[in-house]
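Asker: Next come the chains, spelled out residue by residue.
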Amino acid sequence: MKRPRFLGTLNIGGAFVGALIFAMSTLLLFGFILWQTAGYETGRTDVFLRHEAEAIARESAAQIVPDVNARFANDLHRKSFAAVFTAGGQPLAGDPGALPAGLMLDGQAHAAIVARNAGGRSVPEPVRLVGRQLPDGRILLVGRSADELSQLHRVIWRALALGLVPGVILAITAGILSSLRAFADVQVMKIALERIMRGQLTARLPVRNAADTLGGLAISVNRMLDEIEHLVGEIRAAGDGIAHDLRTPLGRARARLENGRAHATSQTELDNIVDAAIADLDQCATIVTALLRISEIDSTQRRAGFGDVALAPILVELADLYQPVAELRNITLTLDLPATNHLVRADRDLLFEAMANLVDNAVKFVRAGGKVRLSIEGRANGPVMWITDSGEGIPEAERAAVLQRFHRADRTRAVPGCGLGLSLVAAILRLHGFELLMQSEAHGFSVGVLCLADSRK
Amino acid sequence: MAVADAGRNVPMILLAEDDLQIAQDIATDLAGRGYTVTTVNSGAEALRRATEYPVQLLILDRMLPEMDGITVIERLRTAGISVPVLVISALNAVDDRIRGLKAGGDDYLTKPFALSELAARVEALLRRPVETRQTRLRAGKLELDLIDHQARRDGVAIDLLPRELKLLEYFMRRPGQVVTRAMLLEEVWHYRFVPQTNLVDVHIGRLRRKIDRPDGESIIESVRGVGFIFHETA
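Line order of the protein sequences matches chains H and Z.
Residue numbers for the first sequence follow the working numbering, so the first one is 1 and each next one is one higher.
Residue numbers for the second sequence follow the working numbering, so the first one is 458 and each next one is one higher.
These are calculated hints, taken from the structure and not from any lab test.
In this text, a Cβ means the ideal position worked out from N, Cα and C, and glycines have one as well.
Honestly, I wouldn't trust all of these hints.
[To be verified] Which residues of chain Z face chain H? A few of them, derived with a C-beta cut under 10 Å, are:
(1) Thr567
(2) Arg593
(3) Gly597
(4) His647
(5) Tyr648
(6) Asn655
(7) Leu656
(8) Val659
(9) His660
(10) Gly682
Sequences are here, hints too, so could you generate the full structure?
Answerer: Written out as structure tokens, the structure reads:
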């Protein structure tokens, strides 16, 4: 049998379970109170009865019957009573007029039902009763009606009924109301989420009360949505960039081939056109390779290739690698290493690749006659590998955008390269938890890799 | 499908590639370079052929129907067949590259590649480098002493940097063989990335100025669009 969806969402069952727990605990509490008060009351009565019986028994044999009669006559409320019987059980004085069957004559109080004389009729009544044998063999009964006790029971039960029933009703009502409220909140969230799933990424969940659980959840979901919106925006921008950077060489290749087929007048001319078209296709392949490499590094959670890496040898190797290129372009490449040995946790190959990209850039962008300097600065939070050049650098406003996958400052369009180098650097640094620093110098520009010592280790 | 003609001294290459266009272009190119090429288009067929016929080189696509390239290599190595393997793949992942090599493949090339790059790799795999126990490599009047790390021309010492020595040694072990820029980057510098500046050419240019005679042709010849060849007899 299928429950109505509404009830399922509402969690009515929860309200009933709550009410049941409430009722059970109330019952337990009342039961405990009853047990305690009744016990106390009975105990008090029993002590009193034992003392009475003892007091009467101590009197002289002749005095007992008149005393019992006097007590009987004095008790207007008929609460307490006393009676004397012969050793054979024949009544001598007092009320009740017969010994209850099975009563132990041990001087202790017991619960019993006795037939009491009420206006000439014999009425059975629950009592506490002490029976004992007097020294002369007669039997003495001292008792007290348990009527008060049962009245106490009745009062407690009535209080329980009067308190419990409205309590349970209240608990169920409160449960349903709060479910309804939560249900309404969840409904609103569901509608908002469905809108977002349909593609409206700017929509957010309403937050009615930031302090409650649901509100906290909504805030977390909203933060996640902010991040997703940001990522989707990045992917879209990257997609546009990919489309642009791939379409340009593809378009060139296509135009070249079409033109060559139609207008080439010699085999040599056709060969040149085909060669150029192949170069265009190679550029496309390079872009795809770089993109795959970036997403591969980005998706790497593995830090298996990590070890202790000394920074100075990386810069020495880079200087060795780029010295000939710098010389050819009439650029002075210098190395400025500290005496301290800086070690960081890193994947050496990847870190080298990132640094090589940065040095490659510097050597490429600095004008002939310029300078490039590689150095290490020890900072409190980790060493920085600096690449300082005498070039114009990247304008302040463009620095963040420079790290986006496809951004390339317009004035660099003429320089070969597909603009992915810095994005690759960014991906590698993200994996390491390192930071890219950029700063303007008096006569140039510096890019640095801050190897944060305590990053996600 | 060409059939092996093992009688003559023509290297026999088995090509396993399921894209028929690429398979045909590779086969045509390699045949033009004097190799005998047999083409198959599934992993199982590649394994059967390589097990039953003598093959000097296996060119294996990473993703093949029925049995993937890595499995083929593993089965071959298990069967004790140590034919050199060139894995070609459209996959880019470095991990995959490493897996390919660890499974016993000898070289790895990602698609798309220049046919000349493939040919250079094939040549390199077929002509194992000169693994000399000798401590001196000689090429014409050029001599490289591997013990005291000293190059000489006509007995005159040439002053080379450590990296230039490595570069020269790499060339001298592969005389007359086409060496591509990617091969140099991977094997001399151990880099898997492609610098955007013409690093390799600049380093070769510097090496040439040191080892060549000022008048004559360079001992390291540039092959346009492909790479370089070191001439033993220069």
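Asker: Kindly indicate which numbered hints from before are broken by the structure, ordering the numbers from low to high.
Answerer: 2 and 3
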